[in-house]
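A.B. asks: Here's the letter readout for the chains.
Protein chains: 2
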Amino acid sequence: MKIEIITVGNELLSGKTINLNATYLSKTLLKAQYETSYVSVYPDDKKELQKGIKLSLDRANVIIITGGLGPTLDDNTKEIVSDLLKIPLKYRKDIALDIEKRFGCIASIEEQATVFQTGYIFKNEVGTAPGFAFIYSGKAIILLPGVPSELKDMFEKHALLFIQKHFPPLEKVYQEIVNICLLPELKIDASIKALQVDEDIKIGIYPAHGFVQVTISAKSKDQTVLKKINHIKNQIAADFQDYIYKAEDGKIECAIHDILINRDEKIAFAESCTGGVLSSKITALGGSSKYFLGSFITYSNDLKKSVLNVSETTLKEKGAVSIQAIKEMIEGVFKLTDATYAIAISGIAGPGGATLEKPVGTICLAIAKRGDDIDAGILHLNGSRSTIIEWTANIALGSLFRKIAHNLTYFDK
Amino acid sequence: MKIEIITVGNELLSGKTINLNATYLSKTLLKAQYETSYVSVYPDDKKELQKGIKLSLDRANVIIITGGLGPTLDDNTKEIVSDLLKIPLKYRKDIALDIEKRFGCIASIEEQATVFQTGYIFKNEVGTAPGFAFIYSGKAIILLPGVPSELKDMFEKHALLFIQKHFPPLEKVYQEIVNICLLPELKIDASIKALQVDEDIKIGIYPAHGFVQVTISAKSKDQTVLKKINHIKNQIAADFQDYIYKAEDGKIECAIHDILINRDEKIAFAESCTGGVLSSKITALGGSSKYFLGSFITYSNDLKKSVLNVSETTLKEKGAVSIQAIKEMIEGVFKLTDATYAIAISGIAGPGGATLEKPVGTICLAIAKRGDDIDAGILHLNGSRSTIIEWTANIALGSLFRKIAHNLTYFDK
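These protein sequence lines map, in sequence, to chains A and B. Residue numbering for the first sequence follows my numbering, beginning at 1 and increasing consecutively. Residue numbering for the second sequence follows my numbering, beginning at 1 and increasing consecutively.
Note that these hints are calculated values from the structure, not bench results. Any given hint could turn out to be false.
Intra- or inter-copy, both count: the list cannot distinguish identical chains.
[What the hints assert, rightly or not] List of simulated lysine-lysine pairs, DSS-like, C-alpha gap at most 25 Å:
#: 1; residue 1: Lys-93; residue 2: Lys-47
#: 2; residue 1: Lys-47; residue 2: Lys-27
#: 3; residue 1: Lys-202; residue 2: Lys-358
#: 4; residue 1: Lys-316; residue 2: Lys-51
#: 5; residue 1: Lys-369; residue 2: Lys-316
#: 6; residue 1: Lys-246; residue 2: Lys-318
#: 7; residue 1: Lys-165; residue 2: Lys-233
#: 8; residue 1: Lys-316; residue 2: Lys-290
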């Protein structure tokens, strides 16, 4: 069975909008054990979309079309599908009244309440444009709004169930994920290549800055294959042990969150070159105020001195990007807060600020548990400013995870 | 003339990777005044990609294929194109030596140095997989690596020039952009609807949280249309005057950066619910250390008291999310730094933490110039935690821009 996602909109073809709807749909389909075979993007152009849908009817069994259901001139999806499937559109007073009840007497009601005479109508509980589904020549055609919040609500509440009911997968996709922090892709790759893996099992390695995600998947009619998948998962887990974390979407901050939320331990940071990115990853998680006290973004040397009490001598003799400076920053954090764990970061994210001794990508990182020795060291990263910042924050989080979960240090190996 | 971007990879169809390569290519093509007509995503599957390229040869003039040039079993692009175009592949010692010189004796050299016997070869200056271009039946087929940094380097240095040389656009796309901060989409939409706009001019409105981007574009054989485009641009600019800012990619922090970098004025923040996002937007810009001193992320009430000197009475009687609290936070920032401008934010980003009086999305925001009255008020936002945080940071930056650029306040209107 083949699924095609068709996303419609000039903004997608001009690079103005990133096609996150396609990413969301593929991801959600995979969670429901469906594989996506094609993604296509077409402009707001009647003829092009018409040709695109016809092509899709030739090659896919389930066609999910997002966008073009709104009230503006550019929104053609309903008309095109109506022509193609020979299902007339009709104004429905009950739908108009429902929209009016929720959004007042808006200008687009008539257009939005004009719907297909047959087929399935999905109520839009977030916005105004209803969605639709049809079985046509043994295939499913599903129309969903392009606004991400409306699409998500409608897909999860209606469209996915429609697909599951009418097109249960003959072969389901089974997948397990192993998240590994701090280790380089090459090391993980080498270990996986040494495994004996049957042909029906696919292993994917997805490196990011500071962590690697390994997926082990297989398509199968039943779940017996899960045993093989889990065997491989366990072998990988045995190889990398305390570098492995469990987290939704592979985010290591979620692993830290899950541990700390149940402990009476707090964290606080002192950031220089990461400039708030480290904190923002933690505070993105609802409930983080239970363990996150705050961060001192001491971007200027003056603030490093006046707030964190880094000594004038250290800054003059060793510089702000030095082991001594970050150790004093850690001490400053412990003095100013009652955090159990502290992180301090100071580095050169570039493109300016480099010296011969300290090129762009030189990052000093310190992590400590109150009362214990400070684990501090120097990273040598490369890439753009944004890469270096992101990478540094992820290494800091990975090290914090290992400190919290296993009381292991990053630098003293 | 039609351009199709074909991106290859299972990771794109599983939602594991966002298709940023397609976004980058469309955006860069548009800057070079080319329109993209189609984007297609195919799996790492020989037959599917073959069919996809054949389809593309039927409907497009320029076909850009990214991905599948690497050395693994899943990388089929070279073989498929070789079969299709009947151009044999051949090992080239000079290319192998060049790769070896740059990357050492890596395992994939033989595969990467096996290239097409005819056609154009683009050197990969970032990685190992060369790119290729062919003129075939009057159409261009261009193969580029899927690694974003390699793709970008090669596209800008070679592939775009190839397209411009062999397929100069008959009609160029001319576009001007107006960036507007703080105003709601509806207000901008109404003003634009009142304009007289010729049919050949397309106006796009792209709302984000805290700002709106308006594009005015037209396709034309020559640049006489620019006069019409600029006339409309000026009309919009006249309507919204001091809400308009100039910035690459529409980022308001870039507008702030450009102003402050030339002034002897500094900024510093006190953040609670935005948790570092406000600071991270500023520190993402290289050179921001010239004017950004730092930020106090006082997530806990204890830190608000001990560091920023927010009074116990205020926290008890008014709460941390109150005008009084953020005013005291501003005073704390001015006391601890020599910033010219300060921002303080405290709010309820949700999903927890709400009270009857202060529901999720209640945000207190204060902006001040040292010595002047503090501009403070309450925002009522809605959406997810990440939306509320992002929106708050953008409103803060918009208000800071208007304060710095025009000495205007956000709340005292």
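A.B. asks: Check Lys-93 against Lys-47 for me: Cα-Cα at most 25 Å, and say if that holds within a copy, between copies, both or neither.
C.D. replies: neither (30 Å within a copy, 49 Å between copies)
A.B. asks: Using 25 Å as the alpha carbon limit, work out where Lys-246 and Lys-318 are close: within a copy, between copies, both or neither.
C.D. replies: So Lys-246 and Lys-318 fail the 25 Å test inside a copy (39 Å) and across (40 Å) alike.
A.B. asks: How do Lys-202 and Lys-358 come out at 25 Å by Cα distance, when the copy is not named: within, between, both, or neither?
C.D. replies: neither (42 Å within a copy, 50 Å between copies)
A.B. asks: With identical chains treated as interchangeable, where does the CA-CA distance between Lys-165 and Lys-233 reach 25 Å or less: within a copy, between copies, both, or neither?
C.D. replies: neither (31 Å within a copy, 51 Å between copies)
A.B. asks: State whether the alpha carbon distance between Lys-316 and Lys-51 is at most 25 Å within one copy, between copies, both, or neither.
C.D. replies: neither (68 Å within a copy, 65 Å between copies)
A.B. asks: Taking 25 Å as the upper bound on the Cα-Cα distance, should Lys-316 and Lys-290 be classified as within, between, both, or neither?
C.D. replies: between (38 Å within a copy, 19 Å between copies)
A.B. asks: If the cutoff is 25 Å on CA atoms, where do Lys-369 and Lys-316 land: within, between, both or neither? Let me know, please.
C.D. replies: For Lys-369 and Lys-316, neither the intra-copy (27 Å) nor the inter-copy (31 Å) Cα distance is at most 25 Å.
A.B. asks: Checking Lys-47 and Lys-27: alpha-carbon separation at most 25 Å within a copy, between copies, both or neither?
C.D. replies: Answer is between; shortest inter-copy Cα gap is 24 Å, intra-copy 29 Å.
The structure does not agree with the numbered hints 1, 3, 4, 5, 6 and 7 stated previously, though it agrees with the rest.
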